[in-house]
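A.B. asks: Spelled out, the chains give:
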Amino acid sequence: MPRFNIVPVVFGMLSVLGIYFSGMSIKFVLNELIVRFIRDGVMVLALIIPVTAGMGLNFAIVVGAMCAQVGLILAVDYQLYGVTGLLIITGVGGVFALIFGLLIGICLNRVKGKEMIATIIIGFLATSLYQLVFMAGYGTVITPHNAEMMLSRGIGIRNMIDLEHFRNVMDNLWMIDPGGIQIPVFMVLLVLLFALAVKYILSTRLGQLLRAVGESSDKAVLLGIDADRVRIIAITISTLFACFGQIIYSQNIGMLNVYTAHLNSDIFSCAALLAGGATIYQAKVHHALIGIVLFHTLFIVSPQAGQNVFQNPALGEYFRTFVAYGTIAFALMMNIQQENRRSYPERP
Amino acid sequence: MSGIKLPQLFIIAFLLLMLVMAGLLGIPLGIVVGDSLVRLAMNGVLVLSLLPMLNAGIGINFGLPVGICAGLLGMCLAVNWRGSGLIGFVEALLFSMPVAIVFGTVYSRILNRVKGREEIAATFVGFSFIPLMNFFWTVAPFGNPAMLWPIGGKGLRPSIGLKSYFGKALNDLWAVKLHGLPMPLGLLLFFGLLCLVAHLFFRTKSGRAMIAVGENETFALISGVDVKRIRAIAVILSTIIGAWGICVYAQSYGFIELYDAPMMMAFPAASAVLVGGSMGHRTTILNVILGTYLFQTVYILSVPLANELLVPEVAEIIRMFISNGIILWALLHEGTKSSHATV
Amino acid sequence: MLQVRHLSKSFGAVQVLKSVSLDLAAGEIHGLIGANGCGKTTLLNILFGHPLIAATGGYSGDLLLEGRATRVDSPVTALRCGIGMIHQEFALIPSMTVAENIKINRERTQPLTDRLFGRTLSLVHRRGNRDDAERALATLGVSLPADMRVSQIALSTKQFVEIAREIDKRRLQLLMLDEPSAVLSQSDTERLMEALRKLSAEGTAILYVSHRLEEVISLCDRITVLREGKVVGQWARPGFDLRTMVEQMSGRQVVKARRTSKKRAEEVLCRIEDLHVDKPGERLQGLSLDVKQGEILGLAGLSGHGKLAIGPGIMGMHPIAGRIYLNGEQIRNPGASIMLHKGVCFLPEDRTAAGLLMDHAIMDNIVFTAAQVDGRFARTRWLKALSLLNRAEIQRYAQDCVDRFHIKCRSIRQRAAELSGGNQQKVCIARALAIQPKLLIVSEPTRGVDVVAKEIILEIFLELNRDLGMTLVIASSELDELKRICDRIAVIYKGRLFDILAPDCEDRDFTLAFSGEWKRKP
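Order-wise, the sequence lines are chains A, B and C.
Each residue of the first sequence is one higher than the last, beginning at 58 in my numbering.
Each residue of the second sequence is one higher than the last, beginning at 22 in my numbering.
Each residue of the third sequence is one higher than the last, beginning at 3 in my numbering.
Mixed in with the good hints, there may be bad ones.
[As the list claims (entries may be wrong)] Under the rule of at most 30 Å between Cα atoms (straight-line distance), these lysine-lysine pairs were calculated in the DSS-like manner:
| hint | chain 1 | residue 1 | chain 2 | residue 2 |
| --- | --- | --- | --- | --- |
| 1 | C | Lys171 | A | Lys256 |
| 2 | A | Lys341 | C | Lys200 |
| 3 | A | Lys169 | C | Lys294 |
| 4 | A | Lys256 | A | Lys341 |
| 5 | B | Lys136 | A | Lys341 |
| 6 | C | Lys20 | C | Lys456 |
| 7 | A | Lys276 | C | Lys171 |
| 8 | C | Lys160 | C | Lys200 |
| 9 | A | Lys169 | A | Lys256 |
| 10 | A | Lys276 | C | Lys456 |
| 11 | A | Lys341 | A | Lys276 |
| 12 | C | Lys523 | C | Lys281 |
| 13 | C | Lys521 | A | Lys276 |
Don't read these hints as lab results, they were simulated from the structure.
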């Protein structure tokens, strides 16, 4: 029996209050929301399958994001632009995502019960590796082909790379404009396509396997299911989706913050998923979609609300950071406590 | 006593490599040694704070920011009332304690609800505590203008200089020169004293109960130990020592760093204790001291070496890499060990 | 169809199966009976490829399926060979529906997506699944909406769903059942037997493990009796002889020294009323029992029926309900701390998991409970919680215990993990003694202990009872030990007290009592 989850309600109320206090127009909020839905949608969707497989929140989606960025940097390096460029980025990023997804999956199979903390550390580790490669590797071991993206000292890539050549490939396709609200229909459909893909996977045989393993890895083995393999598949799909999500994000923003773009993408995506009513044991597509709306509304209005109420926009920013981390902390507390009560009723 | 395992071997090998490179590049080793002692004591207390929770079986205290914020508050109060010199430092310690006890109690209640997955919950409790404190730093009515933003005068500045207060107070206490090497005896004695107290604590009845809870909770339970209470005490102790740890660190560094600074401080501390050979639930003082020393020496050597190699940022990146790599290795190693143990 | 040849399996130093051989023909219903710990479940686990078997060193011996030598090393292999298993703890996914559970890993899929994406990524055909599931259930005489969640159906229905899952498999050659009727009523059991007979008529071989001897006799074509890992009897219909089978199960052993009879006190030390203990796998459902002052009371019964739950329940390890009285005074909220203070001590059956601090020295283990509960061995009388311990006193006391109980060790500083099972148990006993308990509850005292140490431990119990007047409650699956040292033996059946037998009753009486089938002679 699905328990009533108070989290989306709380978020809803906070959002309403936030909109009120910020004084922002609904039209403005909606426009921003649509943009963020497109940018962050697929990232949040990427979290669903590992949760279903019982692996908790996959904070290592940053690795998938970094794979996308590797693809982007390579494309800029070799100056491959336009649609071809985008396809190559998707391909290269995708291949990296598959490889790293596999590696992460193998790692996680050795830390059963501590997957979440492991994915956080893996994320940090991957970030360090990534920074090493692009800050010290380019110009020393790897020869760049595009001098524009390098730092003046010759070693290391610039902090920011312009992606103007990719920006208008698909962004403004099929743009409609009802009453001043800009909806790039193609992009919205693209995100919804990914949502459909997740839903599809969950209704296949693989989906049944994921759910069985998610409920009890041990029972799944007794039922003749290769639980370890299913878990690896789950993480690999997640990393792949994260890669695609980051590609959409980057080309939508139009520029790439090489060293920081992927940071916090895991936190915000997890918070958004939880805001939509998911738990660390169960997540559905509608949780992701609702969650993005709720979480990002709060995100959009907080700084201005902080300014209006406290004359200090920083307070609004602190509030939304607290909401992001706090949601995850709260979800962990509630879910783990519930799980403990269920499987260890004898614990005093 | 745990034997030499892979992380220690790796770190020692890495250290030797760096020493060789440093020697080749002409970096004076005398300063390195002196520096490493200071950094040992400076960071050691923070690493020491992980000891109670590790021994009680609660895992690595990734929520160290909670304790650190308590210490920061204590120091701010001391600076606010213009405590200077050694007295100021002691004031900071005294003010931090009640704050740490309050924070620690709440923190322990939270951790009690998440048995079995404390580490991930602690991480996010720590992370979410920081913006709360950021809120506080911005609105709290501190009086000392040296602490506030120069323009506007409202809200604490992110970095508060301690030169006119208790900066280096402990460092300078009984500082002598041994064969030309500066030896901050006061600082080292303070650290040593804390280590001794910690060591003695684990030989008392309560300390033994704590170790038993960490080693085998069921055994402790049927031996009449109040498991819930012991775990709470462990968390509160960790928080208090963490608060004192940041006080020692800040006075040595010379600045109180507020806002987002404490966010990632748990991870290097965790790697240090893991490098020192901490084996899951039984961690000793020796692990703390050895680990911190090895770790800090790597830090010290990394900066000039990285500078020589023309990419100064690499130092920080490599440190993070090693730091997190060690934690991941420990997780993987523990994972395979326990999966063999269940059958 | 299946030939088992010289199958042997050890868990560490303990050999659980010793060269077991048996044959199974297609369509044969073969019963497997034996006392607790005789190896039945291990045999089933090997045939099913349970991961536990591979993880503890595999097995030796041969399995021949249809004449071909096969190695079953995982449930996946077992399934491929057409071997199915009904587990005692069901392998059902509670949050999924009945249909999903029955068709797990073999779901029907839409043919279009089959062709496009391959079997694994093919869309599940829900109606097809439901039909298959309902058909399988119908074979068992169960009608049930297949889209109900498993978490919502009754325990006995779950049993049938578990079975339906196996019979839905197309190439099921061998079906193994481990205590299938444990949760079923009389009529459900009959339905089950009908279904099994039908299945065997269609050519599936069935391996049926159960304690319910009458059932086994009425259902099976052939019966194998195991005792202590060896085959001690093989029977074929119509030559079944229940009495001889029971004798084979329990064995006739040379009885060693018995306790000397003594005047029995009638005073009740501990009264237990309607005790319910929720220990997973060993639930008590309303036990009422009196423990008399100065006696040695044995608790016997099949595993899972609750005899091992009394100690943990009283010590607060699991949620309990009911009333406990000590010396006439009711103990509200019983828990370890209160019980220890009142002089009740418990030695758990799993020494390494709950009885000792394995990484600690012997001397630290011995004094731990006393130091925590009574404050013994403290250096200071004030500030007990922070007092250091008097190491000299501890060493003296520990050395004393080592000498008294002949604990074989290098020194009192040796880690508990390095001792043998018997010596570890002696350390546990020494630990309990340090608080001078009036009542000592022990679960499985000689499990994993070698023969010599067994006798010493039993002697120690007799000594404690005789010299210190200590009351002992011993829950054990080693019936002969209980018979040798206990004054009375309480048989626990299905979570309740079945009856109290005198230790000089026949073994076969006990065996029947364990299955709830013994009748007291008037």
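A.B. asks: None of the hints should be skipped; say for each whether it holds.
C.D. replies: Hint check:
1. For the suggested pair lysine 171 (chain C) and lysine 256 (chain A), the alpha carbons sit about 28 Å apart, so the restraint of at most 30 Å is met.
2. Distance hint between lysine 341 (chain A) and lysine 200 (chain C) is unfulfilled; the C-alpha atoms sit about 43 Å from each other, more than 30 Å.
3. Taking the CA atoms of lysine 169 (chain A) and lysine 294 (chain C), the gap is near 48 Å; set against the 30 Å cutoff, the hint is violated.
4. Only pairs whose Cα atoms come within 30 Å are accepted, and lysine 256 (chain A) paired with lysine 341 (chain A) is accepted, the gap being roughly 8 Å.
5. In summary, the hint linking lysine 136 (chain B) to lysine 341 (chain A) is supported, as the alpha carbons are separated by about 26 Å, within the 30 Å threshold.
6. Using a Cα cut-off of 30 Å, the hinted pair lysine 20 (chain C) and lysine 456 (chain C) holds, with the two alpha carbons roughly 22 Å apart.
7. Pair hint lysine 276 (chain A) plus lysine 171 (chain C) holds up; C-alpha atoms about 18 Å apart against a cutoff of 30 Å.
8. Between lysine 160 (chain C) and lysine 200 (chain C) the alpha-carbon distance is near 20 Å, which keeps this suggested pair within the 30 Å criterion.
9. Our distance criterion of 30 Å between C-alpha atoms is met by lysine 169 (chain A) and lysine 256 (chain A), whose separation comes to about 26 Å.
10. Distance check on the hinted pair: lysine 276 (chain A) and lysine 456 (chain C) sit about 37 Å apart at the alpha-carbon level, beyond 30 Å; violated.
11. The suggested pairing of lysine 341 (chain A) with lysine 276 (chain A) holds, with an alpha-carbon distance near 23 Å, which does not exceed 30 Å.
12. As the CA atoms of lysine 523 (chain C) and lysine 281 (chain C) are separated by approximately 33 Å, the hinted pair breaks the 30 Å bound.
13. As the CA atoms of lysine 521 (chain C) and lysine 276 (chain A) are separated by approximately 40 Å, the hinted pair breaks the 30 Å bound.
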